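Chain residues, written in single-letter form:
Number of protein chains: 2
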Amino acid sequence: MLILSSPSGAGKTTIARRLLAAEDNLQMSVSVTTRPMRPGEVDGRDYEFTDLERFGEMVEADDFLEWAEVFDNRYGTPRAKIREGLAMGRDFLFDVDWQGAQQLSQRAGSDVVSVFLLPPSIADLEARLRSRGTDSEEVIAGRMDRARAEISHWDAYDYVVVNDRADDCFDRVRTILHAERLRRERQTGLVDFARELMR
Amino acid sequence: MLILSSPSGAGKTTIARRLLAAEDNLQMSVSVTTRPMRPGEVDGRDYEFTDLERFGEMVEADDFLEWAEVFDNRYGTPRAKIREGLAMGRDFLFDVDWQGAQQLSQRAGSDVVSVFLLPPSIADLEARLRSRGTDSEEVIAGRMDRARAEISHWDAYDYVVVNDRADDCFDRVRTILHAERLRRERQTGLVDFARELMR
Chain A
7 MLILSSPSGA GKTTIARRLL AAEDNLQMSV SVTTRPMRPG EVDGRDYEFT DLERFGEMVE
67 ADDFLEWAEV FDNRYGTPRA KIREGLAMGR DFLFDVDWQG AQQLSQRAGS DVVSVFLLPP
127 SIADLEARLR SRGTDSEEVI AGRMDRARAE ISHWDAYDYV VVNDRADDCF DRVRTILHAE
187 RLRRERQTGL VDFARELMR
Chain B
7 MLILSSPSGA GKTTIARRLL AAEDNLQMSV SVTTRPMRPG EVDGRDYEFT DLERFGEMVE
67 ADDFLEWAEV FDNRYGTPRA KIREGLAMGR DFLFDVDWQG AQQLSQRAGS DVVSVFLLPP
127 SIADLEARLR SRGTDSEEVI AGRMDRARAE ISHWDAYDYV VVNDRADDCF DRVRTILHAE
187 RLRRERQTGL VDFARELMR
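So the protein sequences, as listed, match chains A and B. When you line the first sequence up against the numbering used here, it's residues 7 to 205, in that order. When you line the second sequence up against the numbering used here, it's residues 7 to 205, in that order.
One or more hints might be untrue.
For identical chains, the list gives no copy identity; a pair is met inside one copy or between any two copies.
For lysine to any residue, the following SDA-like pairs were computed, each having C-alpha atoms within a straight-line distance of at most 25 angstroms [claimed, not checked]:
id, residue 1, residue 2
1, Lys18, Asp170
2, Lys87, Leu25
3, Lys18, Arg187
4, Lys87, Ser127
5, Lys18, Glu186
6, Lys18, Val197
7, Lys87, Arg201
8, Lys18, Gln193
9, Lys87, Thr40
None of these hints come from the bench; they were simulated from the model. Keep in mind that this is a model prediction, so the values were computed, not measured.
Bound-form chain A, shown alone (with noise of 0.2 angstroms):
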């Protein structure tokens, strides 16, 4: 479980696109949500699209691993696909923001690894908020009021990663994720090599 984080705007969805396809055996965890869907989004591969009412029941029922509410919009990641993916051995990417990777670090230990982006400068990620050219005034300060309270929580991720050039942060982020893959408690069939060896 590899959580990505970042304050909005630090060019998160690029670097995990990329990543995605580059790794046959990483898959996003794809999140349920309550925000309405954007222009270009698909219902079951952006975000599981549900209303306030459906996502209350899934609380209840105790089916998030971890959720959280953002600008009035709730978003949850289903406990179930993630289990049966870990299972037959495949990696999840998760875009969370802090407090989801608290929670899903809480409650999977070992079995996450977070890694934090950050922007350049300051400069840097307001241009980038600008430049969507989708967001007024009032939610761009929004959006910077919130990236600067994201950054504040830098010290609660495994690693961070400056995205200074894009290449050069998705190596790193690659990086992070095959040096993890070769820990010695994910490797599984290790107990089985080692007594093999030892015979």
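Using the hints, position chain B against chain A.
Below, chain B alone, put in the same frame as chain A:
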């Protein structure tokens, strides 16, 4: 502090040499030893060669970060040099057995990352030991016993890499080194950088 351990004959020396050649900021921790110098070895580069009496004095003075006795010879890691190097931001590579790895982990905690190399098979290991051509059957038999004993401690390491092909093995160990450098707690300057972003 990167520990690279393996049973004798699993290719550790080759991987260590390539890492040192490829990584500017990585240097070998030179051990102090009481064993005789071998042809081609250089005092102060391969080891600091000393006698039993002087080694004993250094143990008494607590000059070693770890030390061990192997085949009636003693090997120790001089504490002062490592401390100075780390303070200057340098990384050190350690060629120690599982006991050395354990001692270093206990004494240096989260500064230490340990990697264990395994041979692809026990037949491969024996072939590599024989191909050196410098040791008697008795010495080889002793090494095989010792190799099995070393392998039995595979689960004391952070990472395990099977050395099936030297190029792949080198890439994997290098990946581990690069990823570990991206760990939050190893990146000095992040505190100031994050503070700057939040202003």
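Hints versus structure:
1. Lys18 to Asp170: Cα proximity of lysine 18 and aspartate 170: one copy only (12 angstroms, versus 35 angstroms across).
2. Lys87 to Leu25: For lysine 87 and leucine 25, only the intra-copy Cα distance (20 angstroms) is at most 25 angstroms; the inter-copy one is 40 angstroms.
3. Lys18 to Arg187: Both, since 21 angstroms and 20 angstroms are each at most 25 angstroms.
4. Lys87 to Ser127: neither (37 angstroms within a copy, 37 angstroms between copies)
5. Lys18 to Glu186: Classified as both; 19 angstroms inside a copy, 21 angstroms across copies.
6. Lys18 to Val197: between (36 angstroms within a copy, 21 angstroms between copies)
7. Lys87 to Arg201: neither (33 angstroms within a copy, 38 angstroms between copies)
8. Lys18 to Gln193: This pair counts as between: shortest inter-copy Cα distance 20 angstroms, intra-copy 28 angstroms.
9. Lys87 to Thr40: within (19 angstroms within a copy, 58 angstroms between copies)
The structure does not agree with the numbered hints 4, 7 stated previously, though it agrees with the rest.
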